[in-house]
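Just so you know, we're using UniProt numbering here: the sequence shown kicks off at 1 and counts up by one.
Hints are supplied without guarantee of correctness; some may be wrong.
Estimated spans, in silico, between C-beta atoms of each pair [what the hints assert, rightly or not]:
id, residue 1, residue 2, range
1, V22, R136, 31 to 39 Å
2, H55, E98, 18 to 26 Å
3, A137, E93, 26 to 34 Å
4, P151, E112, 27 to 35 Å
5, M1, R38, 29 to 37 Å
6, D115, T50, 13 to 21 Å
7, A142, E112, 18 to 26 Å
8, P133, G83, 31 to 39 Å
9, R146, D126, 15 to 23 Å
10, T11, A113, 16 to 24 Å
11, T95, D126, 20 to 28 Å
12, G84, A52, 15 to 23 Å
Keep in mind the hints are simulated off the structure, nothing from the lab.
Just so it is clear, the structure is predicted and the values come from calculations on it, not from any experiment.
Every residue gets a Cβ at the ideal spot worked out from N, C-alpha and C, and that includes glycine.
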Amino acid sequence: MTDVLSPAAGTIRPLSEVPDPVFAAEMVGPGLAVDPTREPQTAVAPITGTIAKLHPHAFAIAGDGDGGIAVLVHLGIDTVQLGGEGFEVVATEGTHVEAGDVVVRWDPATVEAGDRSPIVMVCVLDQPAGAVPADRAGEQVAVGQRLLTWPA
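Hey, can you work out the whole structure from these sequences and the hints?
This is the structure we're talking about:
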């Protein structure tokens, strides 16, 4: 079993509440969302592994070991349109990270001020929709605290 840590501080939400149909339908993968507190934050690696893809607004980490999971973290909705503005990439694509290591610094309030949702999606890639229960919806979570356990 793998603990998947929260990359942001805020309130846990089911993916079905995300204002993006692809994430809401779990087409990217099952998981949870975090409605972040509106203050500067450091987005951390949710699992130990290798940063397979890294953008200012999103990153994917391939977990270590046989049967390791891959997790996508997406900071906000339509934030790719910001071209990196408001985000500071700290890590490097292709490097190994430990769960809890800082990957990106960002400010959810700045994202929201640009008429975009700052909600953070955390998806387990290549897994069936509905595989992560939303029973923690409404709970507060801190950066680096357990968000979910895989397999659920």
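Here is what the structure says about each hint:
Our hint of 31 to 39 Å for V22 and R136 is violated, since their Cβ atoms are close to 22 Å apart. Taking 18 to 26 Å as the suggested C-beta distance range, the pair H55 and E98 conforms, at roughly 21 Å. Against the hinted window of 26 to 34 Å, the Cβ-Cβ separation of A137 and E93 comes to about 32 Å, which satisfies the hint. In this structure the supplied range 27 to 35 Å holds for P151 paired with E112, their Cβ-Cβ distance being about 34 Å.
About 33 Å separates the C-beta atoms of M1 and R38, a value consistent with the hinted range of 29 to 37 Å. Checked against the given bound of 13 to 21 Å, the beta carbons of D115 and T50, roughly 34 Å apart, lie outside it. With their beta carbons about 20 Å apart, A142 and E112 fall inside the hinted range of 18 to 26 Å. Judged by the Cβ atoms, the range 31 to 39 Å given for P133 and G83 holds: they are separated by roughly 36 Å.
Distance hint for R146 and D126: a CB-CB separation of about 21 Å, consistent with the stated range 15 to 23 Å. For T11 and A113, the Cβ-Cβ distance of about 19 Å falls inside the hinted range of 16 to 24 Å, so the restraint holds. Taking the beta carbon of each, T95 and D126 are about 22 Å apart, inside 20 to 28 Å as hinted. Distance hint check: the CB atoms of G84 and A52 are about 19 Å apart, consistent with the given range 15 to 23 Å.
Hint compliance for this structure: hints 1, 6 are not met, and every other hint is.
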